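Participant: Residue strings, one per chain:
There are 2 protein chains.
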Amino acid sequence: MEQIQGGVTAAKGFEAAGTAANIKYKDRMDMAMIYSSTPCKVAGTFTTNVVKAAPVMWDKDIVDNSPYAQAVIVNAGIANACTGKQGMDYCREEAQTASGLLNIPENSVLVGSTGVIGMQLPIDRINEGIKKLAAAKDGSIEAGTTASKAIMTTDTVNKEIAVTIELDGKTVTIGGMSKGSGMIHPNMCTMLAYITTDAAISKELLQEALGNSIIDSYNMISVDGDTSTNDTCLLLANGLAGNTEITEKGEAYDKFCEALNFVNTYLARKMAGDGEGATALFETTVVNAATKQEARILAKSVIGSSLCKAAIYGHDANFGRFLCALGYSGVKFDPEKVELFFESKAGKMLIYKDGVATGYSEEEATKILSEPEVTVLVDMKMGTETATAWGCDLTYDYVKINADYRS
Amino acid sequence: MEQIQGGVTAAKGFEAAGTAANIKYKDRMDMAMIYSSTPCKVAGTFTTNVVKAAPVMWDKDIVDNSPYAQAVIVNAGIANACTGKQGMDYCREEAQTASGLLNIPENSVLVGSTGVIGMQLPIDRINEGIKKLAAAKDGSIEAGTTASKAIMTTDTVNKEIAVTIELDGKTVTIGGMSKGSGMIHPNMCTMLAYITTDAAISKELLQEALGNSIIDSYNMISVDGDTSTNDTCLLLANGLAGNTEITEKGEAYDKFCEALNFVNTYLARKMAGDGEGATALFETTVVNAATKQEARILAKSVIGSSLCKAAIYGHDANFGRFLCALGYSGVKFDPEKVELFFESKAGKMLIYKDGVATGYSEEEATKILSEPEVTVLVDMKMGTETATAWGCDLTYDYVKINADYRS
Chain G
-15 MEQIQGGVTA AKGFEAAGTA ANIKYKDRMD MAMIYSSTPC KVAGTFTTNV VKAAPVMWDK
45 DIVDNSPYAQ AVIVNAGIAN ACTGKQGMDY CREEAQTASG LLNIPENSVL VGSTGVIGMQ
105 LPIDRINEGI KKLAAAKDGS IEAGTTASKA IMTTDTVNKE IAVTIELDGK TVTIGGMSKG
165 SGMIHPNMCT MLAYITTDAA ISKELLQEAL GNSIIDSYNM ISVDGDTSTN DTCLLLANGL
225 AGNTEITEKG EAYDKFCEAL NFVNTYLARK MAGDGEGATA LFETTVVNAA TKQEARILAK
285 SVIGSSLCKA AIYGHDANFG RFLCALGYSG VKFDPEKVEL FFESKAGKML IYKDGVATGY
345 SEEEATKILS EPEVTVLVDM KMGTETATAW GCDLTYDYVK INADYRS
Chain Y
-15 MEQIQGGVTA AKGFEAAGTA ANIKYKDRMD MAMIYSSTPC KVAGTFTTNV VKAAPVMWDK
45 DIVDNSPYAQ AVIVNAGIAN ACTGKQGMDY CREEAQTASG LLNIPENSVL VGSTGVIGMQ
105 LPIDRINEGI KKLAAAKDGS IEAGTTASKA IMTTDTVNKE IAVTIELDGK TVTIGGMSKG
165 SGMIHPNMCT MLAYITTDAA ISKELLQEAL GNSIIDSYNM ISVDGDTSTN DTCLLLANGL
225 AGNTEITEKG EAYDKFCEAL NFVNTYLARK MAGDGEGATA LFETTVVNAA TKQEARILAK
285 SVIGSSLCKA AIYGHDANFG RFLCALGYSG VKFDPEKVEL FFESKAGKML IYKDGVATGY
345 SEEEATKILS EPEVTVLVDM KMGTETATAW GCDLTYDYVK INADYRS
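First to last, the protein sequences are chains G and Y. At position 81 of the first sequence (counting the first as 1) the number is 65 in our numbering, and the numbers step up by one without a gap. At position 278 of the second sequence (counting the first as 1) the number is 262 in our numbering, and the numbers step up by one without a gap.
Hints were generated in silico from the structure; no laboratory data involved. Careful: at least some of the hints might be erroneous.
Identical chains share a label here; the pair holds if one copy fits it or two copies do between them.
[Said to hold, decoys possible] Below, in silico cross-link-like pairs of lysine-lysine (DSSO-like), each with a Cα-Cα straight-line distance of 27 Å or less: (1) K44 x K154; (2) K69 x K316; (3) K8 x K239; (4) K8 x K316; (5) K44 x K316; (6) K329 x K187; (7) K384 x K276; (8) K233 x K10; (9) K384 x K316; (10) K351 x K316; (11) K337 x K69; (12) K321 x K44; (13) K69 x K365; (14) K8 x K116.
As the structure is a computational prediction, the values presented were derived from the model and not from experiment.
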């Protein structure tokens, strides 16, 4: 596997564009399009929130029932959630507009929205935006980057990645882009992530690969514990790489999954580190847990704790909070056996062992916790399973952003 | 039932004191004692966190195995959690010191701690403190108030209450005090709450009454989603009111439970409104839910959401966040049927109905949300069950307090 430049346009046959449609703010890019020159098999995972945004319902129907997909239209600024029948009608209108311009069936057009819940889309401006996107789209690396910038809301950096693998002598590419920032506590999938590949693979295996991949990537991050109404991860595969279609599990499928996991984990980690107001990526790795599921629960409990997040912001080695968050996770363990380390580029340090603090140097610990990427490593001494979760610190800016997000 | 002045010394035979023992800060009260002139039946509920502080284990042993209890020693500043065998030895030493001074058995002395996790108690200063408390204790209302102030950490106000009921012609009193503020997401019970009563009641019914009472009081509040290592609620009953001992369920037991619930709900609500950094009490009432348990889960999901809490801080009628938090609670419902209201002293307003915003006035909504006590009322239209949960807003000060709590 090799990491290459680019994002959603890296794979053969994919084009993209971004534009400013004045949806909520003036003169700021807020719409993106992804387009494939040929029909794609499509897999998707969506929010488990009972309150599902209209585009989530629209896309789920296409993933479940359409023979293929060929374009994605995304807007930032308004989430098209809690918008009733009108919201669904607008999804259809978006698809119709794109269908006419791109000459593809209406039920091959996926839509996505992110932003404020409860407002209706300005459909005229959206339709104008789709026209601009259809005219501007191209297959360059830059076009993919533009699209990844156009779906940002409170994100501070765009998020994209691409990798290649070899499958029976053919180069297969997987690229992706995502946006995160707030209301991030994915459960089945995260805010918005779009992955494109030119791999030839059966629809069934495409969905299975995606379903498995999100478990240890998007489902292991949290910014604020709030599972959004719009969480969507779509994976489009157009088969243009020319590899023999993957129709059963085996070496080719495993290679594809490995690359897909790499892409999703990269994007998930980026989202966590760029959480609203964040100054640091806060990683927690749990090793030697009794089961994989317990390792995941323990790691997520730590990165989700407001008090742990505030301690990371303060570069404060207040290790009791980390023990506390492990303790209320729901997993049973013996606190006397656990070992807890702080780790970053500045070093690694054993903080807690045999039920008490190790007598570590506070100064040294603060140095470790002052890096932009900080890891809490927990050794459960109960088994052999490992999991990693990613979050960010809790800062004044998180409060600022969310106390007046709509204004 | 009548609310009267006072707290833990309101019931007959109870004395209290507070003192400054220099445990973590100089010249600030940080130790309290409650003492009963006669032995008490005692009930207790404790944290469900796997990581339990030493005093939690000490008290649970006394509640389960001692014939009676007669005194409680509490310190603020250091939590005596994650302190291993040394921490347990210090609990015993505290009890021994009090036992000698008060001439009561060692296993009738309950202990409590709150503060930083992971540090050992300065046992010499603690012992000095106990001496001062034993000398200073008395049965006045003021002594109860002093004790309630001495257990505060980042609390900004002390929390106490007392009520009386009549049982077979005798006046029975229940009083209590508590402290909350941070690491508040009680699960079985909250940080520290001490309730005293002169009711005569069997130990079995005392425990049952307390166990039931915490479900809709302490277990329905959250400041930051972090379930502490030290959560303790103790209920001491010395029988000095002279009522016929309550040994079975019936009118007297019901009256006692009603008064106990009132006391616990009052203290819980106070704790939520005085959460770390809070500017507002954030109440959520769910009505017409299908089951009581679903009503509780829905209400707690809303008050626990960082985004809802930040919206309350910003007085921002961003109702989608409230719908979103209901939606990820785990309870299944039809978002199109739910009705959502904002309510406070400034008025009541229907915000969301039939799956969309009602076209409410933003200005009016902001006015409602600018009061120091704000209620989100959710009508599920699914049944007849109701629950209320209490939290607070998420503010810069919460981050400030917790980014440098130890310094």
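Participant: So which of those numbered hints doesn't the model satisfy?
Facilitator: Those not satisfied are hints 1, 3, 4, 6, 7, 8, 9, 10.
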